[in-house]
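Each chain, written out:
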Amino acid sequence: MELLTANTGSYPRIGNRPEQQRHRQAYAQWERSEISSEEFERVQDEVTREVIEEQVRAGLDMVTDGQVRWYDPISHFTRKLEGCEINGLLRFFDTNSYFRQPVVVNEVRRPEPVIKGEFLFAKKVSSAPVKPVVSGPYTLAKLSINRRGVGLAELVREFAKAIAQEVSELAEAGAELIQIDEPAILKNQNEFGLLKNALEEVAASKGKAKLALYTYFGDAAPLYNKLIKLPVDAVGFDFTYSPGLPKLIARLGCEKELGLGLIDGRNTKLESEREVIEVLKLIAPAIGSKRVYLNPSCGLGEYLPRRVAFEKLKNMVAIAEGARGLI
Amino acid sequence: MNEKLKKRGLKLPLLPTTTVGSFPKPPYLLDARRKFRRGFLEDTNQLRKLEEQATREWIALQEEIGLDVLVDGEMYRGDMATYFAQNLEGFKISGLVRSYGNRYYRKPIIVGEVRWRGQITVEWWKFTQGLAKKPVKGMVTGPYTMMDWSFNEHYPSRREACLALAKALHEEVKALAKAGVKIIQIDEPAISARPEELPEFAIEAMRTVTRGVDAYFISHICYGAFEFIYPGMLELPVENFDLEMSNSELDLIELFREHPFSKDLSFGVVDVHSHVVEDAATVKRRIQQALEVLKPEQLWVDPDCGLKTRTREETVNKLKAIVKATQEIRAQLRQRESEGTAK
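Line by line, the protein sequences give chains B and H.
Everything in the first sequence is counted per the numbering used here, starting at 1 for the first residue and increasing by one.
Everything in the second sequence is counted per the numbering used here, starting at 1001 for the first residue and increasing by one.
Because the hints were derived from the structure by calculation, they are not lab data.
Keep in mind that the hints are not guaranteed to be accurate.
[As the list claims (entries may be wrong)] With a straight-line cut-off of 25 Å between C-alpha atoms, the simulated DSS-like cross-links for lysine-lysine are:
id : chain 1 : residue 1 : chain 2 : residue 2
1  : H       : Lys1178   : H       : Lys1133
2  : H       : Lys1167   : B       : Lys269
3  : H       : Lys1324   : H       : Lys1134
4  : B       : Lys269    : H       : Lys1092
5  : B       : Lys314    : H       : Lys1092
[Stated by the list, open to error] Stretch by stretch, here's where chain H covers chain B in the computed footprint (C-beta under 8 Å, at least three residues):
id : region
6  : 12 to 21
7  : 300 to 313
Glycine residues also receive a C-beta, built at the ideal position from the N, C-alpha and C atoms.
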């Protein structure tokens, strides 16, 4: 079995060193209209290049663009979709970061690509494969204020259509693996049917790309058996909330590729190689697919200081190297 | 009014008015803090003097406005979790972490056994109470919030980190009570972050903080999601909950109709995130809504949360609206009572 290391999403855009403050300074200048949007865009390009390079230097097999340009995972998508307005700040799950809440006022439509341009830029500047990350239709609908006068199911369907178009274009643009994030399902397990329908729609548009469904910020164990049957190629789990998950995987197995979020993306403490390898050894015999990913439990951009994010990834790569002969 | 207050010789009027904790820092203090952070101001005494000056100004203002229970305004604090972390043993402070937009903060890291190494807020309380005729609350950030807002490199679980913090903060609370503080507020804005942890250990932690301490305890809770922790949160061993009500569109009233609120309530009647100053009529309406589900003896009146992000003028006007509305409601209640007696 092949064990690859990957990032799960965002990466810190600023650090403590003066030269790592550029994004924050440019953002402030742009807010005060001291620099143009084009100039700010150039800084974001440079910082994107930098955080990709940092992930490569940490030794990752697969990187992300760090989501440097995203205000948050929710409004970054809805701001380019028709039918959505953007409201005030709301806490993002149980974290200390905030997102701007969308308000759906009209039929949701996607008049233009959302992250395709970002993906193409990242692909051009990266020496490692880039994984685009897309917020999932169920989570987008669930975290929006619904002023449509239609039910949640209809809202999810409309977002699913929009995300399916995005996935189709990302696949055409050369994405080999596309990650769909659906954290909201973990706290709303009774709405699994909505997620299933939405992912069927998205999966039908994936072309030659593989789809990975990631959940985090909750215990996925009660949904495990359903999640691994969805029409996706890989499923990613946040193990920090799920003490029972390794045994469950060992017992029920998995025929899909697995994203193993064994690296806590929200704590500065570095993982012990021994503990991670123990879990890998426990579940490896039950996995029927040829590949698993070792990755942080969630994106790192809002949860860790830059220096610690780099150390975390380096440590993860070292653990994976230590594990390769053993599983 | 609560027996525990009377017993301590605290005579408060019906519907006591208070605030949640922080006030905006005056420009001269913001400037000095900035210089201090960048190393341009090395004399901590100089900074301390300015903090005291700003505190003096806020105490005078609160008395002038006519609030019944005062706060020190937190002129000496940056972030409410980081301030305590810097003064407890076992913590380091992290590099910058993003909150939203272009906002970043430094987060505490638990790197060893958390211990109380001596008084943190007692001197400030003594200083403030010395300036005021009205009672000043003691203010401590609670163990659950300290745990949830810190990285944990030392304890094997969130539970153990939280309970260790509770033990350390218990010492601070004891020291406050010993110094003569009669009303102590334990801030727990994060307590609804993971509702399942409330019965697992958050209540136990609060019990550890308050156990055996002779004071009237208030717990300030915000950031919504009450529907997931109510009525379970009533098990927290405090006398008074301070909740944000105006920002949550007052849907808690409905919750209280279904399951009666059994403690005293500090009822947030002005929105701290809005520049708009509520008029006394709006505030009165909110108090009257609260009185539909609570007895007047249970009710305190205050803003939703700390006011540090508002301007001085907005703060003063919001507080004046609270005091004016409360006085009018008190008059109505007195009149109703005397009519009742007359019959």
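For the pair supplied as a hint, Lys1178 of chain H and Lys1133 of chain H, confirm whether the alpha-carbon distance does not exceed 25 Å. Roughly 19 Å separates the two Cα atoms, so the pair holds.
Please verify whether Lys1167 of chain H and Lys269 of chain B have alpha carbons no more than 25 Å apart. Given that 25 Å is the threshold and the Cα spacing comes to 23 Å, the pair holds.
Given the hinted pair Lys1324 of chain H and Lys1134 of chain H, is their Cα-Cα distance within 25 Å? 18 Å, holds
Given coverage of the region 12 to 21 of chain B by chain H, tested with a Cβ cutoff of 8 Å and a minimum of 3 residues: With 5 residues closer than 8 Å to chain H, the region 12 to 21 of chain B meets the three-residue bar; holds.
Within a Cα-Cα threshold of 25 Å, do Lys269 of chain B and Lys1092 of chain H meet the stated pairing? 13 Å, holds
Does the alpha-carbon distance linking Lys314 of chain B and Lys1092 of chain H stay inside the 25 Å limit? Roughly 22 Å between the alpha carbons, so the hint for Lys314 of chain B and Lys1092 of chain H holds.
Three-residue Cβ test at 8 Å for the coverage of the region 300 to 313 of chain B by chain H: Per the Cβ count (8), the hint holds.
Violation of the numbered hints given earlier is absent; every hint is satisfied by the structure.
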